[in-house]
Amino acid sequence: MYKFNTIKVMSVLLLGLTVAACQTTKVHKADQGVVQLNGSKVLVMPLDVELYELSAAGANEPRADWTQQAEANIKQILDERLGTYSIQVVRSEDLAKSEELAIQEKRVIKFHEVVGNNIRYHKIAAFNNLPTKQDKFDWTLAEKAAFLRDYYDADYALFISVRDSYSSAGRAAIIAIGMVLGVGIQGGQQVGHASLVDLNDGDIEWFNFLYSSTGDLRKKETAPRVVDGLLADFPG
Amino acid sequence: MWMKMKRLIAAGTALSVLSACVASTQPQQNALPTDGGQVSMPALDQLEPVEVNSTPELDVNYRPKVTTDEGGWWMKMDRYEESLQTHASLVRDEDLNAYVRGVLCRLAKDYCKDIRVYVVRKPGFNASMAPNGLMEVRTGLLLRVENEAQLATVLGHELAHYYKLHSIKNWRTQRNTLDAMAFLTLGTGIIGLGATIIALGGLSSYSRSNEAEADAVGLVLMDQAGYDPAEAAMLWGKVKREYAASKDADMRNSFFASHPEAQQREKTLDNHARWLKRNGPEREIAQAPLRQRLAPYLQSFLEDELAQGDFGALEVVLHDMEEAGRAPVLVAYFKGELYRKRGDEGDLEKARDSYLAAEEYAKERDVDAPSGLYRALGLISLKEGEQERARMNFEQYLQLAPDAHDAAFIRQMLEQIS
Numbered sequence: 079m080y081k082f083n084t085i086k087v088m089s090v091l092l093l094g095l096t097v098a099a100c101q102t103t104k105v106h107k108a109d110q111g112v113v114q115l116n117g118s119k120v121l122v123m124p125l126d127v128e129l130y131e132l133s134a135a136g137a138n139e140p141r142a143d144w145t146q147q148a149e150a151n152i153k154q155i156l157d158e159r160l161g162t163y164s165i166q167v168v169r170s171e172d173l174a175k176s177e178e179l180a181i182q183e184k185r186v187i188k189f190h191e192v193v194g195n196n197i198r199y200h201k202i203a204a205f206n207n208l209p210t211k212q213d214k215f216d217w218t219l220a221e222k223a224a225f226l227r228d229y230y231d232a233d234y235a236l237f238i239s240v241r242d243s244y245s246s247a248g249r250a251a252i253i254a255i256g257m258v259l260g261v262g263i264q265g266g267q268q269v270g271h272a273s274l275v276d277l278n279d280g281d282i283e284w285f286n287f288l289y290s291s292t293g294d295l296r297k298k299e300t301a302p303r304v305v306d307g308l309l310a311d312f313p314g
Numbered sequence: 021m022w023m024k025m026k027r028l029i030a031a032g033t034a035l036s037v038l039s040a041c042v043a044s045t046q047p048q049q050n051a052l053p054t055d056g057g058q059v060s061m062p063a064l065d066q067l068e069p070v071e072v073n074s075t076p077e078l079d080v081n082y083r084p085k086v087t088t089d090e091g092g093w094w095m096k097m098d099r100y101e102e103s104l105q106t107h108a109s110l111v112r113d114e115d116l117n118a119y120v121r122g123v124l125c126r127l128a129k130d131y132c133k134d135i136r137v138y139v140v141r142k143p144g145f146n147a148s149m150a151p152n153g154l155m156e157v158r159t160g161l162l163l164r165v166e167n168e169a170q171l172a173t174v175l176g177h178e179l180a181h182y183y184k185l186h187s188i189k190n191w192r193t194q195r196n197t198l199d200a201m202a203f204l205t206l207g208t209g210i211i212g213l214g215a216t217i218i219a220l221g222g223l224s225s226y227s228r229s230n231e232a233e234a235d236a237v238g239l240v241l242m243d244q245a246g247y248d249p250a251e252a253a254m255l256w257g258k259v260k261r262e263y264a265a266s267k268d269a270d271m272r273n274s275f276f277a278s279h280p281e282a283q284q285r286e287k288t289l290d291n292h293a294r295w296l297k298r299n300g301p302e303r304e305i306a307q308a309p310l311r312q313r314l315a316p317y318l319q320s321f322l323e324d325e326l327a328q329g330d331f332g333a334l335e336v337v338l339h340d341m342e343e344a345g346r347a348p349v350l351v352a353y354f355k356g357e358l359y360r361k362r363g364d365e366g367d368l369e370k371a372r373d374s375y376l377a378a379e380e381y382a383k384e385r386d387v388d389a390p391s392g393l394y395r396a397l398g399l400i401s402l403k404e405g406e407q408e409r410a411r412m413n414f415e416q417y418l419q420l421a422p423d424a425h426d427a428a429f430i431r432q433m434l435e436q437i438s
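Here the protein sequences come in this chain order: A and B. Position in the first sequence (first residue = 1) + 78 = the working numbering. Position in the second sequence (first residue = 1) + 20 = the working numbering.
You may find that some hints are simply not true.
[To be verified] So, partial list: chain B residues that the calculated Cβ filter (under 8 angstroms) puts toward chain A:
{"hint": "1", "residue": "83"}
{"hint": "2", "residue": "86"}
{"hint": "3", "residue": "91"}
{"hint": "4", "residue": "93"}
{"hint": "5", "residue": "121"}
{"hint": "6", "residue": "201"}
{"hint": "7", "residue": "202"}
{"hint": "8", "residue": "206"}
[Claimed, not checked] Derived pair list, reagent style DSS-like, types lysine-lysine, alpha-carbon separation capped at 27 angstroms:
{"hint": "9", "chain 1": "A", "residue 1": "222", "chain 2": "B", "residue 2": "85"}
{"hint": "10", "chain 1": "A", "residue 1": "188", "chain 2": "B", "residue 2": "297"}
{"hint": "11", "chain 1": "A", "residue 1": "298", "chain 2": "B", "residue 2": "85"}
Keep in mind the hints are simulated off the structure, nothing from the lab. The beta-carbon is built from N, C-alpha and C at its ideal position, and this holds for glycine as well.
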């Protein structure tokens, strides 16, 4: 399985030539109009967060310590922010569950990841729009999420996913040399989404995509900005 | 686009850290012998002495610090493992898992509790080892091993990757080489590209040396556990023949091949095994227990292989099973399926003969043949204008598999016959 192919290596090198904008969020809402969360019970799914260190060549090395810091920060700020809405918040991680339910939950998280990635590739990335979904936003988990409503008696589920990378010393050097040569080279970046699923019909009611090349989730001072970005226009 | 690229890279790196498997990179086709893979054996006094340091480079209960690159990959692979645990292709059968685990523990001893083996329902000869102790074994591999010693060959090889920290060493080499290339590319433009290609060759050879080390350490582990290390070369010879017959045979690139050259590997394994056995007691092959424990699963394993459509490779697998006298009814049936699906000149006749043989073996042994046999015989009889025989076979099929997905279709055919 340890295969080294030229395409992979070239993509790593090519990635170094891409330069992206500073910070953007993009919200999509379901076609039926704005949801009203007033008094609803919102189930917060386990966070899906991974932080990486960018090597000089642009390869992502997972960092367990940074990931732990970021998870703790996001969790704390998310609790604070959600507390300001008139909703009842429950966290899946705090609730006792059978092994079977735990498996089912992991599967629905994976399923949402697939749907969420498709939204990112085919809706957020405008050039990649699917012809059948040009002017609508009707993505759904359908009946796959209904068990969450039945088991937790919740109305909505909130999924949050973040991938975040930071330049290593080597990457910083490459970026500096690039600047001298007039070549823009990509540093670390944050990509994530927050997604609110109506557990009655599985529809994704609100989907917010975040992209940023600044902001540090590892630090208590800077993490709130990222979480606020993720919750931009949250229909609370 | 960058998102896709990032995903590609993430996927690529995650895969490469799932360390080196037994034989995912195949040998070059034209390096293969034409005599069925026999290697000439040196006399005992011509054996090259082998020195292997099989001591694990990590302790029992090892866990890296979270602040290290190793800790990062453990986290990543722990998450992958969690995801694997809910995966539909995971084989949860307790008996099969207990058997594979038993063989592993015989090799790993105190380290056994640090390794989790997952049997994954997937065709093809492969297994892999992640740095955190996650071992994946494909059902296609279980189909191909002929005895417990051959299974131990693969498990020992994977265990050696774990003992010798190959995943993280591979990652570091890969990362550092790429980093050096990035500076070169930036600094020297096109000259950097040449350096890139040379560096890639270097990475392959580094990986090859890890594979060779895993082979050698694996053999020692087998030997210490009382398994006959000579089975390693036997297994590799088998796999080599299969690759030569595979439809993917010409997709290989020897320059980037991470596994030791086919011929060399077999010779090295053989020499090493003979060295280990030079004055020791007899070792065990343990053919009967493996056959007995795997027998209930062979049909589903073979169905998965058939669905791959790699007829050349499957033909070798079935041939070997036939030679070894394993599951004659199934082997004959799947030969029939292979020829029927392949549909080359003369394959229809071959298919019919194989199906008839399967039917006969089943009668002789008084066992049930796979229900699909009667459907296939029915279809062939129909093609040959033997309506009555077709009817009998279809009826037999429906009796054995009344709820088959094509039962309605077969019933309709029966109506048309009568």
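Here is what the structure says about each hint:
1. 83: 11 angstroms, violated
2. 86: OK, holds: residue 86/B within 8 angstroms of chain A, min 4 angstroms.
3. 91: Given a least distance of 4 angstroms, the restraint on residue 91/B holds.
4. 93: Given a least distance of 6 angstroms, the restraint on residue 93/B holds.
5. 121: 20 angstroms, violated
6. 201: Since chain A brings a Cβ to about 6 angstroms from residue 201/B, closer than 8 angstroms, the hint holds.
7. 202: Since the shortest Cβ distance to chain A is 4 angstroms, the answer is holds.
8. 206: Holds. Min distance 6 angstroms.
9. 222/A x 85/B: 38 angstroms, violated
10. 188/A x 297/B: Given that 27 angstroms is the threshold and the Cα spacing comes to 50 angstroms, the pair is violated.
11. 298/A x 85/B: Between residue 298/A and residue 85/B the Cα gap is close to 23 angstroms, so the pair holds against 27 angstroms.
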